[in-house]
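With the hints as constraints, model all of the structure from the sequences given.
So you can see what is in the structure, the chains are spelled out below.
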Amino acid sequence: MKQNVQAIAPVLTLTRVSKRFDATQALLDIDVDFHAGKVHALVGENGAGKSTLGRILLGVHQPSQGQIKVDGKLVSINSPADGGKLGFVGIAQELSLLPDRSVIDNIALGREATNGPFVNFKKTKQQVLDVMRQFDMSLDPDIMVGALSVAEQQKVEILRALGRDARLIVFDEPTARLATHEAEQLLSLVRSLADSGKAVVYVSHFLEEILNISDTITVLRNGEHVRTGPAKEETREGLIMGMTGRDLQHQFPPISKPEKPGKPILKVSALCKKNEFDDISFDIGRGEIVGIAGLVGAGRSELAHAIYGSTMPDKGKIEFCGEDIGLAGIANSIKSGMALIPEARRTQGLILGRSILENTSLPYLSRFSSWIGLNKTHEKRAVDESCSGALVKHAGLHKDIDSLSGGNQQKLLFARAALGSPKLLIADEPTRGVDIGAKRGIYNLIAKMASEGEAVLLISSEIEEILGMCHRSLVMARGRIVADLSGSQLTKEAVINAAFSGV
Amino acid sequence: MNSFLQFLRNYGIVVITITLFLVLAITTEGFATPRNMRNLLDQQSTILIAASFMTIAIIAGNFDVSVSSIFVAAPLFALTVENSTGSALFAVIAAVVIGLSMGAFNGVIVTRIKVNSFIATLATSFMFFGAGFLISDRSLMRPDGEIYQMIARTRYFGITSATWIALVVVIIAWVLLSRTRFGRNVYATGGNREAARLAGVNVDRVQALTFVMLGAAAALAGVINSSRSISAQPSDDFSFVFAVLTAVIVGGTSIAGGKGAIWRTVTAAFFLAFMTNGFNLNQIDPIWQRIIEGIVILIAVSVDAWTQRRSG
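Quick note, the sequences are listed as chains A and B, same order.
Numbering-wise, the first sequence is residues 1 to 503 according to my numbering.
Numbering-wise, the second sequence is residues 1 to 312 according to my numbering.
A few of these clues could be false.
[Claimed, not checked] Covered, in the sense of this in silico footprint (three residues per stretch, anywhere, with C-beta under 8 Å from a C-beta of chain A), are these stretches of chain B:
{"id": "1", "segment": "172-183"}
{"id": "2", "segment": "190-204"}
[Claimed, not checked] Derived lysine-lysine pairs resembling BS3-like cross-links, with alpha carbons at most 25 Å apart:
{"id": "3", "chain 1": "A", "residue 1": "LYS267", "chain 2": "A", "residue 2": "LYS232"}
{"id": "4", "chain 1": "A", "residue 1": "LYS448", "chain 2": "A", "residue 2": "LYS393"}
{"id": "5", "chain 1": "A", "residue 1": "LYS376", "chain 2": "A", "residue 2": "LYS257"}
{"id": "6", "chain 1": "A", "residue 1": "LYS317", "chain 2": "A", "residue 2": "LYS393"}
{"id": "7", "chain 1": "A", "residue 1": "LYS399", "chain 2": "B", "residue 2": "LYS114"}
{"id": "8", "chain 1": "A", "residue 1": "LYS376", "chain 2": "B", "residue 2": "LYS259"}
{"id": "9", "chain 1": "A", "residue 1": "LYS315", "chain 2": "A", "residue 2": "LYS263"}
{"id": "10", "chain 1": "A", "residue 1": "LYS274", "chain 2": "B", "residue 2": "LYS114"}
{"id": "11", "chain 1": "A", "residue 1": "LYS317", "chain 2": "A", "residue 2": "LYS274"}
{"id": "12", "chain 1": "A", "residue 1": "LYS393", "chain 2": "A", "residue 2": "LYS380"}
{"id": "13", "chain 1": "A", "residue 1": "LYS423", "chain 2": "A", "residue 2": "LYS335"}
{"id": "14", "chain 1": "A", "residue 1": "LYS273", "chain 2": "B", "residue 2": "LYS259"}
{"id": "15", "chain 1": "A", "residue 1": "LYS335", "chain 2": "A", "residue 2": "LYS315"}
{"id": "16", "chain 1": "B", "residue 1": "LYS259", "chain 2": "A", "residue 2": "LYS380"}
{"id": "17", "chain 1": "A", "residue 1": "LYS267", "chain 2": "A", "residue 2": "LYS257"}
Derived by calculation from the structure, the hints in this document are not laboratory data.
Where is the CB? At the ideal position from N, CA and C, for every residue including glycine.
Listed below in structure tokens is the structure:
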């Protein structure tokens, strides 16, 4: 049901909008129009202000200065409720659903059809089904939301927004947690929402994605408006230059050749864990960067956790530096020279609310500890050294970890790993949610570690990253290694083909 | 404004406690006297001993309501040993061992069987209270010798041994939490259990140890209490744990885990003690004391929530 919306007058106009958070100027004098029926992308590095801009539209933040006009009339959006009344809704990266309630309950939440004080279940369900039909998104209405995949949960969130007669929908990094095919479904859904006359604001790090689906692209840099223009006039290189202010021809650092293969550092043989991975065998030598490519859900992180000792495999053998470490556990892995940079920085990596110092030294406290307690001077010196080695920008080691940007938090996890001078580093999606500048910094760190003889196991969903960083790459699909590619065999097509085999 | 809020968030409890002390010192006769202060310290000793280790358990991410039951039951075990052996030393050792074991039992239930700590320790409370009734045969117990009552009532430099013991226990807890690897692991475990685990911290052991230590501290507090009153009797009175929790929470240690400090709990314990003492000296009706105390706790917790939100 494609409505023919001729968008001449913009739905929403921002005039000289600025936003300050205490000392930080998040946005400065932004002028943008948003039109019905268009997908309008906001791009920029982390901290460029794109999410802040999205949140101002939704009423989560209020501009410090400037005007917002809706249909030509001046408005102030003081809360998300105000935004909702105007038909402005957001789909956040972190979903806000009730996992133990059904799809219907979640979609209808707060707008259930009622008879007096009682909920009319039949009518509520009918309304929800109507919305689903209208936008051609089918989901089992009675299933618990917690039982759905992330992609399906996102659909629920979108349906909830649509049920509120949304005019303008803000998507903030919606595909960051999705597998490739799920992301594609979402993108076509976003496209069809715009085609049905909604104004769509789309915030994302993935430039290909943006170039594919947007009509208009606004580039932000350090809170300032660089340009707004039609998507068809933009290129990937042009966007990167606009976002960073510099030419990023060399996205990846030079990778030094590994030493002549001696004894492998890590040797995995016939490793199995039910429902996670099956019959995994491979090895890594000194100075080698080995990628693990594949779709989300292929069992890559699960394999990493089994090697690291945080879960127990059912069968098989893990030899690290010639010793069988199968059931010894995490503390032993760390002691014998393994480090893990987990997939989810905030939930698996960092202790939020604690200092940079404490976060960095946590796995290696025994080194600074004696019977009289911790030697804080010694600890501080070592942490300071590894933080500067990893180029973590901070305002003091005693500062809260939340004072760091996402990219710096990720670098801090590298600094933590470097503190242990590990023989094997397992990095699980180390550049996810990190801006382009910080990405390059992380690639440099990985290259440096490898050149010093560390073995690196790099799990990544970004094929460019695998191609640019790894000496060789395994590809996993459905819990099995389906390819081991190196040299001229390691191409984008080969990785994609292997990743989708058996799916 | 922001730095002022930050300061208030960090040191508000100190500012309020000092203010209250000064106000009472000026307005209330008999408050700022050495004698009153010595009594006040003596009265707070049992709460300080238990609250220090309660702070550690809460920072590690758990709650322990069985503190009351250990506080009641352990001295009954101590006196049983004292009555049969005549040794006060054996009595104290017995009580601490019982406290350690009860704490270890809590720790195992919470970390191995993964029962929510509040529920688990509520259930074990009844078991421990019951053990107290069993060992004492439901009757009041008294020490046979003279030495048992000396445990809490000997004076050094005019200050009771109960106060000195509390001082030592508080310092031990403070050093453990802020100067050792164990302390860091406590903060990490309570702050983010999964991240701590992946950083190689044995999170189950850390949490179980906090229960064991708290059990021993509660038992020691119980012995001091019974030594002071030269008796112990079985009951199922939960009030001790509420006094302990009040000090920890008013001090600003987060119930969510990962945040807090021993000095906070100690300061809050004194704040609450000053308040009660001030009420008594000014002869405020005990009924009103309760109501006001409740309001003060609510204000303390609200101010904390408010400043967290503003600066967060």
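Status of each hint after checking the structure:
1. Given as covered by chain A, the segment 172-183 of chain B passes the check, having 4 residues with a CB less than 8 Å from a CB of that chain where 3 are the minimum.
2. Here the segment 190-204 of chain B counts 11 residues with a CB under 8 Å from a CB of chain A, which clears the bar of 3, and the coverage holds.
3. Proximity of LYS267(A) to LYS232(A) is assessed by CA-CA distance (about 49 Å); at most 25 Å being required, the pair is judged violated.
4. Pair hint LYS448(A) plus LYS393(A) holds up; C-alpha atoms about 18 Å apart against a cutoff of 25 Å.
5. About 39 Å separates the Cα atoms of LYS376(A) and LYS257(A), which puts this hinted pair outside 25 Å; it is violated.
6. Of the pairs offered as hints, the one joining LYS317(A) and LYS393(A) is violated, with about 40 Å between alpha carbons and a cut-off of 25 Å exceeded.
7. At most 25 Å may separate the alpha-carbon atoms for a hinted pair to count; LYS399(A) and LYS114(B) exceed this at roughly 33 Å.
8. A threshold of 25 Å between alpha carbons decides the hint, and for LYS376(A) with LYS259(B) the separation of about 20 Å falls inside it, so the pair holds.
9. With a C-alpha separation of about 23 Å, the suggested pair LYS315(A) and LYS263(A) falls inside the 25 Å cut-off, and the hint holds.
10. In summary, the hint linking LYS274(A) to LYS114(B) is supported, as the alpha carbons are separated by about 24 Å, within the 25 Å threshold.
11. With a C-alpha separation of about 15 Å, the suggested pair LYS317(A) and LYS274(A) falls inside the 25 Å cut-off, and the hint holds.
12. For the hint pairing LYS393(A) with LYS380(A), the CA-to-CA distance comes to about 16 Å; that is within 25 Å, so the pair holds.
13. At roughly 11 Å between alpha-carbon atoms, LYS423(A) and LYS335(A) fall within 25 Å of each other, so this suggested pair holds.
14. Between LYS273(A) and LYS259(B) the alpha-carbon distance is near 37 Å, which puts this suggested pair outside the 25 Å criterion.
15. Taking the CA atoms of LYS335(A) and LYS315(A), the gap is about 23 Å. The hint holds against a cut of 25 Å.
16. Simply put, LYS259(B) and LYS380(A) have alpha-carbon atoms about 21 Å apart, close enough for the 25 Å limit, and the pair holds.
17. With a C-alpha separation of about 20 Å, the suggested pairing of LYS267(A) with LYS257(A) holds against the 25 Å cut-off.
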